[in-house]
Amino acid sequence: MGKAEGTFPYMIGVFTLIVGVFQLFFDLVKKEHADKFKDSNIFKVIEFLGVLSCYIFLFKKIGYIADTTLLAFYAMYSLGYKNIKVAFPLAVLISCVAYFVFSVFLAVPLPAFFAE
Amino acid sequence: MSNVLLGLEQFLDPMVLLALLGGTLLGLIVGALPGLNDSIAIAVLIPVTFGMDPHVALCLLVGIYCASACGGSIPAVLLEIPGTASSMVTAWDGYPMTLKGYGCRALSICMTSSFFGGLSSALVLLLFAPVLASFALRFGPPEYFMLAVLGMSTVIGMAGKGIAKNFLSMAFGLWLSCIGMSPTTGIDRYIFGSASLMDGIPLIPRMIGLFGVFSILRMCDCLRKEKENSLSALSSNICCSAEDDKVSLPDRDMVKRLLPTWIRSSAIGNMLGVIPGAGMTMAIFLAYDQAKKAKPDLPFGTGVPEGIAAPESANNAVVASSMVPLLSLGIPGNGTSALFIGALTIHGLRVGPAFFNDSPDMAYMILIGFILANLAMLPMSLLFCRYLASKVLKLNQSVLAAAVLVLCMTGSFAYMNNPFHMGVAVAFGLIAYFFWKFGLPQAPLILSTILGSMMETNWISSMVYSGGSPVVFLVRPISLILTVLSAVFLLWPLVQRMRKRFASA
Chain A
0 MGKAEGTFPY MIGVFTLIVG VFQLFFDLVK KEHADKFKDS NIFKVIEFLG VLSCYIFLFK
60 KIGYIADTTL LAFYAMYSLG YKNIKVAFPL AVLISCVAYF VFSVFLAVPL PAFFAE
Chain B
0 MSNVLLGLEQ FLDPMVLLAL LGGTLLGLIV GALPGLNDSI AIAVLIPVTF GMDPHVALCL
60 LVGIYCASAC GGSIPAVLLE IPGTASSMVT AWDGYPMTLK GYGCRALSIC MTSSFFGGLS
120 SALVLLLFAP VLASFALRFG PPEYFMLAVL GMSTVIGMAG KGIAKNFLSM AFGLWLSCIG
180 MSPTTGIDRY IFGSASLMDG IPLIPRMIGL FGVFSILRMC DCLRKEKENS LSALSSNICC
240 SAEDDKVSLP DRDMVKRLLP TWIRSSAIGN MLGVIPGAGM TMAIFLAYDQ AKKAKPDLPF
300 GTGVPEGIAA PESANNAVVA SSMVPLLSLG IPGNGTSALF IGALTIHGLR VGPAFFNDSP
360 DMAYMILIGF ILANLAMLPM SLLFCRYLAS KVLKLNQSVL AAAVLVLCMT GSFAYMNNPF
420 HMGVAVAFGL IAYFFWKFGL PQAPLILSTI LGSMMETNWI SSMVYSGGSP VVFLVRPISL
480 ILTVLSAVFL LWPLVQRMRK RFASA
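Protein chains in written order, with numbering that gives the first Met the number 0: chain A, 0 to 115; chain B, 0 to 504.
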């Protein structure tokens, strides 16, 4: 590899890329950017991402309707709709409507209850 | 003329007319749902239309194609989540106008602009199809490459002060477009062992993530910790509608104001729609940029009517004009028009130069169908918005967010029935979140991921064609014009800024 014509320019290119990444990192962690997270509810964002990951993981395990009902309920509850007596039936309704639109109307094979 | 009358005669059959109207309504609904688009609806309905009369089947598909680009602007305006990729630019001014309490007015401008653009492209298709098809044939790899560069330079040129961030966003998008199989050698790149990435990062889940999932993450980010347990934790982002805000045809003053924008944007959409592969995405960005340049004093991005009219008329102008290369040459203008080949094949029809001679009733029925679909789309869309918009604006934000999230995740899965694509949507939602946090613009990222593979393929083809000489981009007339335009769009904002600096000094 060291003897090839393009080795040295390649190494310079890689070095330039690494320097660029470092520059970007140091620029982004400057105070003006760090302050952007000051008033953010970053934990809620991380929590939401975790829930979405669980949703994808459970998608074919517990079936579309059950999984989506839980997701919809969590989304409503965590975003501020605390009335559980209304939120849960609404979540079931949203899931069933989405199931009907995609599975029955558009013939998308959504996983059934406990498909796997 | 006799062929036009022959095509018009097909609509005397009530079933054909009903199919056209039904398709238009279905297109509005499908376009308005994030996660669904015209391609999915047409792909699903093609096998269903197998048993139908060919005239009825094609009118149904024409109606869907016409109206879905229009329908996609509804959630873009009301929720800042484009229903279709072609409506993403509409959200830049549509949503701020909704926040000001004029959501219905924004929707009225959208629908009317879509009607103007759609009707203009339908007339272009009817009157100029053969001429435009011969123009499209002159585009080779160098022209396609420079067209992609033109699209990028337009977006970079819109940057204003943050040009470095635009370049960074563009570079990241170009890298993302390299994921998957190399177009020339077939070697996989950056797939990290995942077979699902062999075809690259799919467009629909990517868009769903960048807009739909991101909007939910942004809502989470803005959730104030001290108010998390209260019912009104989410401050309603949508202000109450102004008393004079309603969905209706724009008044004479607004029409007079928007007419130049409609004409210019429709021309851009028609030109780009005729060129296979150029697509609605490039048309909407170019049209928006030109609208900004035409009226530089207006505060685009804050709810300016021209900012809504330009992309909406451009994206609908692409619809019928993308059928020009398809019907005349058998070359689809974009992915959706490619599906029409399947639909026509199922019914025993072959597109190409002989189509107009062999099946004049079908050919002219399609052409007139686009005109009638656009004529029907305007009142239908206004009524649809009048009864839908008021309901959506009254919904609790949390409930609406949950419904949108469900549609987005299901839509990502429905793309290719692969849960991996839901992960793609979530990943891109996270990328968009970080872009938002650090002030990096999304537009160059979106455009470069779409145009990147087109650029690479045509760059390689151009280099093979010219024996490795980049002079090929300058010796071909159309390519030269595109090169000059790209340089102008890229450098003009810099020149303007320098002139202002000298003037103030």
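These are calculated hints, taken from the structure and not from any lab test.
Keep in mind it's a predicted model, so treat the numbers as computed, not measured.
Yeah, the Cβ is synthetic: ideal placement off N, Cα and C, and Gly gets one too.
Do not take every clue at face value.
[Stated by the list, open to error] Calculated lysine-lysine pairs in the DSS-like style (CA-CA distance at most 25 Å, straight line):
| id | chain 1 | residue 1 | chain 2 | residue 2 |
| --- | --- | --- | --- | --- |
| 1 | B | K255 | B | K292 |
| 2 | B | K291 | B | K164 |
| 3 | B | K390 | A | K43 |
| 4 | B | K499 | A | K81 |
| 5 | B | K294 | B | K255 |
| 6 | B | K164 | B | K390 |
| 7 | B | K99 | B | K499 |
| 8 | B | K99 | B | K436 |
| 9 | B | K390 | A | K84 |
| 10 | A | K37 | A | K84 |
| 11 | B | K436 | A | K37 |
| 12 | B | K164 | A | K37 |
| 13 | B | K99 | B | K255 |
| 14 | B | K245 | B | K390 |
| 15 | B | K499 | B | K164 |
[To be verified] Some chain B residues near chain A, calculated using beta-carbon distances under 10 Å:
| id | residue |
| --- | --- |
| 16 | F191 |
| 17 | S193 |
| 18 | A194 |
| 19 | M218 |
| 20 | S397 |
| 21 | M421 |
| 22 | V425 |
| 23 | K436 |
- Kindly indicate which numbered hints from before are broken by the structure, ordering the numbers from low to high. 3, 4, 6, 7, 10, 16, 17 and 18
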